[in-house]
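Novice: Taken in order, these protein sequences are the chains called A and B.
When the first sequence is numbered by the numbering used here, its final residue is 340 and no position is left out of the sequence of numbers.
When the second sequence is numbered by the numbering used here, its final residue is 680 and no position is left out of the sequence of numbers.
These are calculated hints, taken from the structure and not from any lab test.
None of these values were measured; they are calculated from a predicted model.
We treat Cβ as the ideally placed atom computed from N, Cα and C, and that holds for glycine.
Certain hints may be false.
To be verified - Calculated from the model, a selection of chain B residues having no Cβ within reach of chain A, i.e. all distances over 10 Å:
(1) I430
(2) V488
(3) L507
(4) W630
(5) V640
What the hints assert, rightly or not - Short derived list, chain A residues pointing at chain B, Cβ under 7 Å:
(6) L96
(7) V102
(8) M149
(9) K310
These are the residues of each chain, in order.
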Amino acid sequence: MAAWRRLSRTKIVWPLVTLGLLMLFNLFFTPHFFRIEMLDGHLFGNVIDILKNGAPIMILAIGLTLVIATHGIDISVGSVVAISAGVVAMLIGGDLAGNPRVPVAMAMAAALLVCTAAGMWNGMLVSWIGMQPIIATLILFVAGRGIAMVTTNAMVVWLYVKPFALLGQGYLFGLPFSLYIVAVLLAATWLVSRRTALGMFVEAVGINPTATRFAGINARGILFWCYTFSGFCAGVSGLIVCSTVMSADGNNAGNLFELDAILAVVLGGTSLNGGRFFLFGSMVGALIIQTLTTTIYAFNVPPEIAQVVKALVVYAVSLLQSDVFRARVTAVFARREAAA
Amino acid sequence: MKARLPILVTLALFLLMFAAGSVAFVGFFSVQNFLNLFIDNAYLLILAVGMTFVIISGGIDLSVGSVLALSTMVASSLLERSGASPAVVIPLVLAMGTALGLFMGYLIQAFTLPPFIITLAGLYLARGLCYIVSIDTIAITNEFWMGVAYASLKILGNSFVSPGAILAVVVVLAGMYVLRFTRFGRTVYAMGGNEQSAILMGLPVGRTKIAIYALSGFCSALAGIVFTFYTLSGYALHGKGMELDAIATVVIGGTLLTGGAGSIVGTVLGVLVYGIIQVLIVFQGTLNSWWTRIVIGFLVFVFCLLQRLFESRTKVVAGKGVSAPPAEAEAVPVSRGAGE
Numbered sequence: 001m002a003a004w005r006r007l008s009r010t011k012i013v014w015p016l017v018t019l020g021l022l023m024l025f026n027l028f029f030t031p032h033f034f035r036i037e038m039l040d041g042h043l044f045g046n047v048i049d050i051l052k053n054g055a056p057i058m059i060l061a062i063g064l065t066l067v068i069a070t071h072g073i074d075i076s077v078g079s080v081v082a083i084s085a086g087v088v089a090m091l092i093g094g095d096l097a098g099n100p101r102v103p104v105a106m107a108m109a110a111a112l113l114v115c116t117a118a119g120m121w122n123g124m125l126v127s128w129i130g131m132q133p134i135i136a137t138l139i140l141f142v143a144g145r146g147i148a149m150v151t152t153n154a155m156v157v158w159l160y161v162k163p164f165a166l167l168g169q170g171y172l173f174g175l176p177f178s179l180y181i182v183a184v185l186l187a188a189t190w191l192v193s194r195r196t197a198l199g200m201f202v203e204a205v206g207i208n209p210t211a212t213r214f215a216g217i218n219a220r221g222i223l224f225w226c227y228t229f230s231g232f233c234a235g236v237s238g239l240i241v242c243s244t245v246m247s248a249d250g251n252n253a254g255n256l257f258e259l260d261a262i263l264a265v266v267l268g269g270t271s272l273n274g275g276r277f278f279l280f281g282s283m284v285g286a287l288i289i290q291t292l293t294t295t296i297y298a299f300n301v302p303p304e305i306a307q308v309v310k311a312l313v314v315y316a317v318s319l320l321q322s323d324v325f326r327a328r329v330t331a332v333f334a335r336r337e338a339a340a
Numbered sequence: 341m342k343a344r345l346p347i348l349v350t351l352a353l354f355l356l357m358f359a360a361g362s363v364a365f366v367g368f369f370s371v372q373n374f375l376n377l378f379i380d381n382a383y384l385l386i387l388a389v390g391m392t393f394v395i396i397s398g399g400i401d402l403s404v405g406s407v408l409a410l411s412t413m414v415a416s417s418l419l420e421r422s423g424a425s426p427a428v429v430i431p432l433v434l435a436m437g438t439a440l441g442l443f444m445g446y447l448i449q450a451f452t453l454p455p456f457i458i459t460l461a462g463l464y465l466a467r468g469l470c471y472i473v474s475i476d477t478i479a480i481t482n483e484f485w486m487g488v489a490y491a492s493l494k495i496l497g498n499s500f501v502s503p504g505a506i507l508a509v510v511v512v513l514a515g516m517y518v519l520r521f522t523r524f525g526r527t528v529y530a531m532g533g534n535e536q537s538a539i540l541m542g543l544p545v546g547r548t549k550i551a552i553y554a555l556s557g558f559c560s561a562l563a564g565i566v567f568t569f570y571t572l573s574g575y576a577l578h579g580k581g582m583e584l585d586a587i588a589t590v591v592i593g594g595t596l597l598t599g600g601a602g603s604i605v606g607t608v609l610g611v612l613v614y615g616i617i618q619v620l621i622v623f624q625g626t627l628n629s630w631w632t633r634i635v636i637g638f639l640v641f642v643f644c645l646l647q648r649l650f651e652s653r654t655k656v657v658a659g660k661g662v663s664a665p666p667a668e669a670e671a672v673p674v675s676r677g678a679g680e
């Protein structure tokens with residue numbers, strides 16, 4: 001009991017419980033949900049699919065977790081995903097024979113560079129110009145999709161270069177390759193933020209930027225690099241998205257991703273008011289969203305209707321995070337106990 | 341004078357672009373071309389009026405584009421599939437939009453939840469509900485609707501306007517009156533200036549906040565109806581990303597995103613600037629229409645920059661912390677301590 005009390009106080013528990021309940025639901029109601037098969041040395045099955053399809057959102061959520069921890073938000077990530085896909089697709093080129101125009105590695109590096117620069121732009125607006133994060137990133141949200149469409153000449157670019165497919169479709173040691181990217185990014189971010197004081201500085205900025213500055217921490221620099229990192233993550237995510245479908249569609253790539261990623265972070269226990277962050281929670285949050293989507297698909301519900309469910313989840317989670325709501329619920333229970 | 345500066349900049353920008361277009365392109369300079377701005381952007385104008393109220397009050401409403409889409413779906417489905425009369429459909433759709441706004445406003449006010457998240461969930465919800473109505477486009481063949489869609493009123497010789505445009509102008513005038521001359525309108529400004537002060541002054545802040553979102557919902561539904569006059573169809577993808585167009589036009593119109601200052605006249609100018617950019621790109625012919633988004637993004641950037649300059653000056657003069665101080669003050673972990 002005491003152990004459970006201590007456990008229930010850690011933030012990771014509630015997202016895990018939610019995910020567990022979803023899985024439990026699937027165990028009973030979705031046939032073959034947990035079946036995993038071995039084909040050509042690769043693992044296949046619903047659970048693997050969830051991990052694989054969740055990868056782009058998980059990567060976005062890593063960057064966004066830090067941004068939200070600073071009491072900020074980055075709504076441009078979906079558009080940056082589209083830019084990343086557009087840049088890499090244009091550089092590799094739609095050659096039917098599968099010969100890339102520019103070496104694949106170089107094209108990917110260029111896309112990441114562009115996206116990091118996009119993140120720097122957001123960071124500059126927020127930290128040095130002092131714009132509200134929503135507005136600062138709104139600019140790139142609006143313009144970014146335009147930039148992606150102009151990059152690809154408003155056409156869907158199809159790719160036929162085999163090596164590039166590894167990123168989103170390939171397997172390594174039986175597991176989807178994209179999972180290794182998630183793991184590496186997550187581990188690096190965790191090490192840098194939790195094994196050094198950097199993570200605490202990020203949280204300090206989220207609680208009170210002025211006090212942080214007075215404490216001798218370069219608050220502006222921290223803000224700047226958080227947004228830059230978010231841009232970089234969006235770039236990586238865009239590469240995977242592009243590689244998964246082997247095409248770049250400036251209009252639809254990364255569409256509504258920003259909402260999914262923000263939802264993942266919030267579900268993971270990171271408050272939108274900043275000040276604390278939970279990287280692993282965000283990963284669980286992303287998996288909850290993906291499991292929810294997969295579950296809805298499994299019931300042959302049109303995927304678009306999944307949005308209604310998502311909306312209801314957001315309402316429930318926001319209510320649980322609201323002090324007023326919790327106070328009211330507690331008051332109701334207290335009254336009942338008093339009556340009994 | 342200083343308060344009018346952003347509006348004057350927008351006006352100058354509009355005149356400059358109109359003049360540039362008139363010089364560069366044959367047939368650009370005409371009364372009809374000016375009136376077309378109202379005809380083609382009638383729905384955006386109506387959305388932007390509602391959004392102006394929300395933003396002046398210090399909030400944001402991301403659900404408007406989806407509520408517009410839902411309105412087109414419900415209207416077309418009722419008209420075509422249920423054969424309902426327009427006299428029933430129009431009030432019903434308006435009531436639905438208002439109810440959605442009311443719901444979100446209640447959550448925001450009663451549980452002190454962030455408007456950004458609640459209206460974001462509203463965006464999902466309304467868009468998902470669209471697909472529950474139908475996944476396909478529903479063409480409208482109702483006689484009354486067709487009549488309105490093809491009607492045009494001659495003014496100034498051979499020039500004409502559509503009923504939608506007239507409706508938009510009526511909404512603009514009503515909005516101006518409400519914002520400027522009613523208690524409700526003045527409370528909206530007071531809330532945006534400083535919500536705590538407004539409460540201490542005894543203004544009905546809670547009720548007004550809910551009403552603002554209900555008003556925005558009403559405007560979205562009305563815009564949806566005007567949109568169906570324009571396109572004669574209901575489709576779940578209508579108005580995709582339009583929430584950000586509406587926010588962008590409000591910002592370009594000089595309304596402060598931090599709340600407390602702004603005007604409907606400015607918003608009208610913002611919509612006109614938005615419209616003329618599109619017309620210029622059409623006349624220019626070789627540029628991809630996606631350049632509109634890039635230019636809009638750039639304009640939002642410029643106007644936000646202007647606002648920042650403007651804000652930092654007034655802060656010194658009036659000592660009224662418009663931007664950063666309230667946010668920092670809120671971030672003091674008082675509520676956090678109470679919650680955990």
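Novice: Would you mind marking each hint as holding or not holding in the structure?
Specialist: Comparing the hints with the structure gives:
1. Remark: the non-interface label on I430(B) is consistent with the geometry, its nearest Cβ contact in chain A lying 25 Å away (cut-off 10 Å).
2. Against chain A, the non-interface label of V488(B) holds: every CB pair exceeds 10 Å, the least being about 30 Å.
3. A cut-off of 10 Å between C-beta atoms confirms that L507(B) is not in contact with chain A; the least separation is 27 Å.
4. Against the 10 Å criterion, W630(B) falls within the reach of chain A, whose nearest CB is about 4 Å from its own CB.
5. Its beta-carbon lying about 5 Å from the closest one in chain A, V640(B) breaks the requirement of being farther than 10 Å from that chain.
6. With a least beta-carbon distance of about 25 Å to chain B, the hint placing L96(A) at the interface is violated under the 7 Å criterion.
7. For V102(A), the shortest C-beta to C-beta distance to chain B is roughly 23 Å, which exceeds 7 Å, and the interface hint is violated.
8. With a cut of 7 Å, the hint placing M149(A) at the interface with chain B holds, because the nearest CB-to-CB distance is about 4 Å.
9. At about 5 Å, the closest approach between the beta carbon of K310(A) and any beta carbon in chain B falls short of 7 Å, and the interface hint on this residue holds.
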